[in-house]
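Visitor: The lines below spell out each chain.
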Amino acid sequence: MNLQEATELVRGRLEGDPTFEIRGLNTLFDAKPHELIFLFDARRLDEVKISSALAVVLPRGVECAGKHQVWVSDPREAYRILALSFTSASLPAEGVEPSARVHPSARLGPGVAVGAMVYIGEGAVIGSGTVIYPQSYVGEHVVLGEHCIVYPSAIIRERCRLGKKVIVHSGAVIGSDGFGYERNGDRYEKIPHVGCVEVGDEVEIGANTTIDRGTVGATRIGRGTKIDNLVMIAHNVIIGCNVVIAGQSGIAGSSSVGDAVMMGGQSGVKDHTTVGKNVIMTGRAGVANNIPDGLMVSGFPAQEHRKEMRERVLVRKLPEIWQGLRRIQQRISGK
Amino acid sequence: MNLQEATELVRGRLEGDPTFEIRGLNTLFDAKPHELIFLFDARRLDEVKISSALAVVLPRGVECAGKHQVWVSDPREAYRILALSFTSASLPAEGVEPSARVHPSARLGPGVAVGAMVYIGEGAVIGSGTVIYPQSYVGEHVVLGEHCIVYPSAIIRERCRLGKKVIVHSGAVIGSDGFGYERNGDRYEKIPHVGCVEVGDEVEIGANTTIDRGTVGATRIGRGTKIDNLVMIAHNVIIGCNVVIAGQSGIAGSSSVGDAVMMGGQSGVKDHTTVGKNVIMTGRAGVANNIPDGLMVSGFPAQEHRKEMRERVLVRKLPEIWQGLRRIQQRISGK
Amino acid sequence: MNLQEATELVRGRLEGDPTFEIRGLNTLFDAKPHELIFLFDARRLDEVKISSALAVVLPRGVECAGKHQVWVSDPREAYRILALSFTSASLPAEGVEPSARVHPSARLGPGVAVGAMVYIGEGAVIGSGTVIYPQSYVGEHVVLGEHCIVYPSAIIRERCRLGKKVIVHSGAVIGSDGFGYERNGDRYEKIPHVGCVEVGDEVEIGANTTIDRGTVGATRIGRGTKIDNLVMIAHNVIIGCNVVIAGQSGIAGSSSVGDAVMMGGQSGVKDHTTVGKNVIMTGRAGVANNIPDGLMVSGFPAQEHRKEMRERVLVRKLPEIWQGLRRIQQRISGK
Numbered sequence: 528m529n530l531q532e533a534t535e536l537v538r539g540r541l542e543g544d545p546t547f548e549i550r551g552l553n554t555l556f557d558a559k560p561h562e563l564i565f566l567f568d569a570r571r572l573d574e575v576k577i578s579s580a581l582a583v584v585l586p587r588g589v590e591c592a593g594k595h596q597v598w599v600s601d602p603r604e605a606y607r608i609l610a611l612s613f614t615s616a617s618l619p620a621e622g623v624e625p626s627a628r629v630h631p632s633a634r635l636g637p638g639v640a641v642g643a644m645v646y647i648g649e650g651a652v653i654g655s656g657t658v659i660y661p662q663s664y665v666g667e668h669v670v671l672g673e674h675c676i677v678y679p680s681a682i683i684r685e686r687c688r689l690g691k692k693v694i695v696h697s698g699a700v701i702g703s704d705g706f707g708y709e710r711n712g713d714r715y716e717k718i719p720h721v722g723c724v725e726v727g728d729e730v731e732i733g734a735n736t737t738i739d740r741g742t743v744g745a746t747r748i749g750r751g752t753k754i755d756n757l758v759m760i761a762h763n764v765i766i767g768c769n770v771v772i773a774g775q776s777g778i779a780g781s782s783s784v785g786d787a788v789m790m791g792g793q794s795g796v797k798d799h800t801t802v803g804k805n806v807i808m809t810g811r812a813g814v815a816n817n818i819p820d821g822l823m824v825s826g827f828p829a830q831e832h833r834k835e836m837r838e839r840v841l842v843r844k845l846p847e848i849w850q851g852l853r854r855i856q857q858r859i860s861g862k
Numbered sequence: 528m529n530l531q532e533a534t535e536l537v538r539g540r541l542e543g544d545p546t547f548e549i550r551g552l553n554t555l556f557d558a559k560p561h562e563l564i565f566l567f568d569a570r571r572l573d574e575v576k577i578s579s580a581l582a583v584v585l586p587r588g589v590e591c592a593g594k595h596q597v598w599v600s601d602p603r604e605a606y607r608i609l610a611l612s613f614t615s616a617s618l619p620a621e622g623v624e625p626s627a628r629v630h631p632s633a634r635l636g637p638g639v640a641v642g643a644m645v646y647i648g649e650g651a652v653i654g655s656g657t658v659i660y661p662q663s664y665v666g667e668h669v670v671l672g673e674h675c676i677v678y679p680s681a682i683i684r685e686r687c688r689l690g691k692k693v694i695v696h697s698g699a700v701i702g703s704d705g706f707g708y709e710r711n712g713d714r715y716e717k718i719p720h721v722g723c724v725e726v727g728d729e730v731e732i733g734a735n736t737t738i739d740r741g742t743v744g745a746t747r748i749g750r751g752t753k754i755d756n757l758v759m760i761a762h763n764v765i766i767g768c769n770v771v772i773a774g775q776s777g778i779a780g781s782s783s784v785g786d787a788v789m790m791g792g793q794s795g796v797k798d799h800t801t802v803g804k805n806v807i808m809t810g811r812a813g814v815a816n817n818i819p820d821g822l823m824v825s826g827f828p829a830q831e832h833r834k835e836m837r838e839r840v841l842v843r844k845l846p847e848i849w850q851g852l853r854r855i856q857q858r859i860s861g862k
Numbered sequence: 528m529n530l531q532e533a534t535e536l537v538r539g540r541l542e543g544d545p546t547f548e549i550r551g552l553n554t555l556f557d558a559k560p561h562e563l564i565f566l567f568d569a570r571r572l573d574e575v576k577i578s579s580a581l582a583v584v585l586p587r588g589v590e591c592a593g594k595h596q597v598w599v600s601d602p603r604e605a606y607r608i609l610a611l612s613f614t615s616a617s618l619p620a621e622g623v624e625p626s627a628r629v630h631p632s633a634r635l636g637p638g639v640a641v642g643a644m645v646y647i648g649e650g651a652v653i654g655s656g657t658v659i660y661p662q663s664y665v666g667e668h669v670v671l672g673e674h675c676i677v678y679p680s681a682i683i684r685e686r687c688r689l690g691k692k693v694i695v696h697s698g699a700v701i702g703s704d705g706f707g708y709e710r711n712g713d714r715y716e717k718i719p720h721v722g723c724v725e726v727g728d729e730v731e732i733g734a735n736t737t738i739d740r741g742t743v744g745a746t747r748i749g750r751g752t753k754i755d756n757l758v759m760i761a762h763n764v765i766i767g768c769n770v771v772i773a774g775q776s777g778i779a780g781s782s783s784v785g786d787a788v789m790m791g792g793q794s795g796v797k798d799h800t801t802v803g804k805n806v807i808m809t810g811r812a813g814v815a816n817n818i819p820d821g822l823m824v825s826g827f828p829a830q831e832h833r834k835e836m837r838e839r840v841l842v843r844k845l846p847e848i849w850q851g852l853r854r855i856q857q858r859i860s861g862k
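Heads up: the protein sequence lines correspond to chains A, B and C, in order. Position in the first sequence (first residue = 1) + 527 = this note's numbering. Position in the second sequence (first residue = 1) + 527 = this note's numbering. Position in the third sequence (first residue = 1) + 527 = this note's numbering.
Bear in mind the hints are in silico, worked out from the structure with no lab data behind them. Note that the structure is a prediction, hence the values are computed from the model and not measured. The reader is advised that the hints may include incorrect statements.
What the hints assert, rightly or not - Label pairs and their computed distance ranges (CB to CB):
| id | chain 1 | residue 1 | chain 2 | residue 2 | range |
| --- | --- | --- | --- | --- | --- |
| 1 | A | Arg-839 | C | Asp-820 | 18 to 28 Å |
| 2 | C | Glu-621 | A | Arg-538 | 51 to 61 Å |
| 3 | A | Leu-572 | C | Asn-816 | 22 to 32 Å |
All C-beta atoms in this analysis are idealised placements derived from N, C-alpha and C, irrespective of residue type, glycine included.
Generate coordinates for the entire structure from the input sequences, incorporating the hints supplied.
Guide: See the structure below:
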C-alpha cells in the first residue's frame with residue numbers, strides 16, 4: 528500500500544510523497560522507516576519526531592515537519608481502518624483441507640474455509656464465509672453463523688449455536704458440561720447436562736475461556752458481547768448484549784448479567800445472582816448479591832464504588848484510629 | 528422415548544397418554560410441546576402451567592391439570608435418570624478412527640473408542656469401554672481405567688495414571704511440569720519433574736483445568752473428587768476423596784486438601800499448607816495457614832467464617848467509628 | 528544407570544555397591560527399592576531410614592547405615608542433574624511425523640523433531656534441536672529459536688518470535704488478539720491487532736497460559752522469565768528478565784514489570800501500570816498503582832507489605848476497637 532491509498536482509506540489529508548510505500552503499522556519506538564505510526568496523544572509529539580518511521584498519521588492542527596504527514600479527525604479510527612488491511616494474511620484457504628475430518632452430513636456454506644486437522648461432526652451447519660483454523664473441533668449439530676472466525680484449537684461441543692461474525696480464540700471451550708452433582712451420602716453423582724450454549728452475533732470469546740452448557744436449557748451470551756481470555760462462564764448463565772468481560776473473570780451458575788455491563792479483570796459473580804444493566808464492576812469486584820441497574824461496584828463482597836473507596840481510606844487510617852482510641856482510653860483511665 | 532417408558536425408568540406414576548413422545552428435556556420457559564419439564568420447586572407451579580411443554584414430572588401431591596403428569600418421589604433424581612438417556616448421542620464409534628495415531632505397543636481394552644486425530648503414545652493402557660474424543664493426547668505409559676471419558680483436545684501427559692470412570696474435559700492438561708526452579712545468582716534453573724499425576728476413580732476434571740506432575744512422586748486426586756473449569760493444581764498436591772473444587776480456584780505446590788472439602792469459586796490454598804477434612808472454603812477464600820477439620824473459612828487470609836462475617840460488618844461501620852472517634856476527640860480537647 | 532554412574536554424574540562419594548541399578552528417583556515415602564532418594568532436609572533422616580529405597584543421596588557429614596550412600600555437597604543440585612537423566616524418554620523422533628502439516632516454505636534446522644498432527648505455517652523458522660510435540664500449532668512466519676520444547680497442543684500464532692531454549696507447555700496460547708475495542712454508541716468495534724509477541728531465551732510458559740499480541744508493536748517477555756499455568760498476559764505488556772509469575776496471575780494491557788520481579792499466585796497488575804525491578808508481590812497482591820524498585824507489596828490495592836500486615840492485624844482488632852469506642856461513648860454520655 529502506498530501513502531496515497533492509505534490517506535484515501537482514512538479520508539485524511541496528505542502532505543508528502545503519495546507513492547511512499549507502507550509495509551505495516553508500528554509503535555513510535557519500534558517502527559522501521561516504512562512502517563506507519565500514529566500520534567494518539569499530542570504529548571508524545573517529541574517521540575514522533577525521533578521515531579525511525581518516515582510517515583505519521585496526526586490529528587488535525589498538529590505539525591511534524593520532516594515526515595510524510597497524514598492529518599485525520601480521529602487517529603484511533605484511522606488506525607482501526609488501516610490495521611484491518613494489515614492483518615488478514617493468514618486465513619486458511621477456502622474449502623476443506625484434506626486432513627480435516629468433516630462428517631458427510633455437515634453443511635458448509637459458500638466460501639467456508641476449513642483448516643488442517645479440523646473436526647466437524649454430524650449435522651453441523653457452517654455459515655457462508657466462516658473460517659475455521661487448524662485443529663479446531665466443531666461437534667455434532669453445532670450451528671455457526673456467517674463470517675465467524677474460529678482460531679486454532681478452539682473447541683465447540685455438540686449442539687451449541689453461534690450467531691454471525693462470532694470470533695472464538697484458541698483454546699476456548701464452548702459447551703463443556705456444567706458443574707452440577709447430586710449429593711448421595713458422601714458421594715456426588717453427576718447431573719447430566721442436556722442443554723447447550725447460544726452465542727449472539729458479533730460476540731468475541733477469548734483464548735482459553737470456558738463456557739459451560741446449560742443443565743437443561745441454554746447458557747446465553749447476548750449480541751455484541753466481548754469476553755477476554757481465561758474467563759469462566761458457568762451453566763445457565765444469561766449474559767446480555769454489549770457486555771465487556773475482562774480477563775480471568777468468572778460468572779457462577781444460573782446468574783444473569785444485564786446489557787452493557789462492564790466487568791473488570793479478575794472479577795466474579797456468585798451463583799444465582801442478578802447484575803443489572805449498565806453496571807460497572809471494577810477490577811476484582813466480587814458480586815455476592817443482586818446489583819441494581821447502573822451502579823458502579825467494587826470490592827468483595829462488592830458494594831457501591833463510592834462506599835468502597837471511603838472504606839479503603841478508613842482501613843488505611845486504622846493505625847491512626849487505634850492510636851487515637853488508645854490515647855483517649857489512657858486519658859480517661861488516667862483521671 | 529414415549530411417556531410410558533420414561534415413567535418406568537423413573538419408577539413414577541403416570542396420568543396421561545402413555546404413547547406421548549418425548550424428544551428431550553428442557554426448562555419451563557424454553558420447552559417445546561414434546562420436551563419434558565420438571566417441577567423442582569413447588570413455587571414455580573404457575574410457570575409449569577404456562578409452559579409450552581405438554582408433559583411434566585412432578586413431586587407427589589402436586590397437581591397440574593391439562594398436562595400429562597408423571598409423579599415421582601424425587602424430581603431431581605428423575606431428571607438425572609432421564610437426562611442420561613438424552614445425552615449419549617455423540618460418542619465416537621468403537622475402535623480406532625483411521626486418522627488417530629496409536630502406538631503399536633499401546634493396549635486398548637474391549638469397547639474402547641478412539642476418535643479422529645487422537646494421539647496415543649508408547650505403552651499406554653486404555654481400559655475397556657473408555658471413550659477418547661477427537662484431537663486428545665494420551666502420552667506414553669499413561670494408564671486410563673475402564674469407562675473413562677476424555678473430551679476433545681484434552682491432554683494427558685506421559686506416565687499419568689487415571690482410575691475408572693474418570694471424566695476429563697476439553698483443554699484440561701494433566702501432567703504438565705511443576706513450577707520449580709533452583710536460583711543460581713540472577714537466573715533460575717529448571718528442576719526436572721520426574722513424578723506423575725494419579726487420579727482416583729470417578730474423578731471429574733473441568734475444561735482448561737491444569738494439574739501439574741510431582742517433582743518426584745505423584746500429585747494425587749482422591750476418588751470421587753470433582754474439579755471445575757480453569758482450576759490450577761500444582762505439583763505434589765494431595766487431594767482427598769469426594770472433594771469439590773469450584774471454578775478458577777488454585778492449590779499451590781505440596782499442599783494437601785482433606786476428604787470432603789468444598790472449595791468455592793476463585794478460592795486458593797497457599798503452598799505447603801494443610802486443609803483438614805470436611806472444611807468449607809467459601810468463594811474467594813484464600814487459605815494461608817493450616818485449617819483444622821470441619822471448619823468453615825472465608826476471606827483472605829482465610830479465617831473462621833463467623834469471625835470474617837463479624838469483621839466485614841465492622842469494616843462497613845468504619846465511617847461511623849471514624850466519626851465517633853473524632854467527636855470524642857473534639858469533646859475532650861474542647862474541655 | 529548404576530550407582531557408580533550416578534555418583535560420577537553428581538561428583539559425589541559412594542559407599543556401597545557401584546553396580547547397584549537405579550531405575551528412577553522418588554520421594555522418601557513412595558520410593559521402591561531400586562529408586563534413588565534424596566535427603567534435602569536433615570530433619571527427615573528418620574524417614575530416609577525407613578524408606579524402601581536402598582540407595583540415598585546425602586549431604587556430607589550425614590550417615591545412613593544400611594543403605595548405599597552417595598555424599599554430595601548439594602543434594603538439590605545432585606537431584607537436578609540426575610533428574611535430567613530420567614525425564615528425556617518421550618521426545619518425538621527427529622524429523623517430521625508423516626501426519627504433521629508443514630508448509631513447504633517453512634525452514635527447519637538440523638535435529639528438529641515435529642510430532643504427529645502438528646501444523647507449521649508458511650515461512651515459519653524452527654531453530655536446530657527444537658522439539659514440537661503432537662497437535663501443536665505454529666503459525667505463519669513464527670520464529671522459534673534453537674532447542675525449544677513445545678508440548679502437545681500448544682498454540683503459537685502468526686509472526687510471534689521465541690528465543691532459544693524456550694519451553695511452551697500444553698494448551699498455552701501465544702499471540703491471541705489483545706482485548707481492545709472502540710466504543711461506537713452502544714456497540715464495540717474490534718481494534719485489529721497487528722503486533723506480535725516476542726519471547727526471550729530460556730523463558731518457560733505454563734500450561735493454558737495466554738499471552739496476547741500487541742495492538743501495534745510487541746508484547747515482550749524478557750530472557751529467563753518463568754511463567755506458571757493459567758496466567759494471563761495482555762497486549763503490549765513488557766516483562767523484564769528473570770521474572771517469576773506464579774499460577775493464575777494476570778497482567779493487564781500496556782503494563783510493565785521490571786527485571787527479577789516475583790509475582791505470587793493469583794496476583795494481578797492493573798493496565799498501564801509500572802512495577803519496578805526486584806519487586807515482590809505476595810500471593811493475591813493486586814497492583815493498582817506504579818510500584819518503585821525493590822518494594823515488597825501485598826493486598827488489594829497493593830501497598831507496602833509491612834503496612835498491609837499492620838492493617839490486617841488492626842482489621843482483626845475491629846471488634847475490640849468497636850467495643851472500646853462504645854464504652855467511651857457510654858461513659859461520656861453517662862456523665
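Visitor: Indicate, hint by hint, whether the structure satisfies it.
Guide: Now for the hints, and whether the structure bears them out:
1. Distance hint check for Arg-839/A and Asp-820/C: the Cβ-Cβ separation is about 25 Å, which falls inside the suggested range of 18 to 28 Å.
2. The hinted window of 51 to 61 Å between Glu-621/C and Arg-538/A holds, with their beta carbons roughly 55 Å apart.
3. Judged by the Cβ atoms, the range 22 to 32 Å given for Leu-572/A and Asn-816/C holds: they are separated by roughly 27 Å.
In summary, the structure agrees with every hint in the numbered list given earlier.
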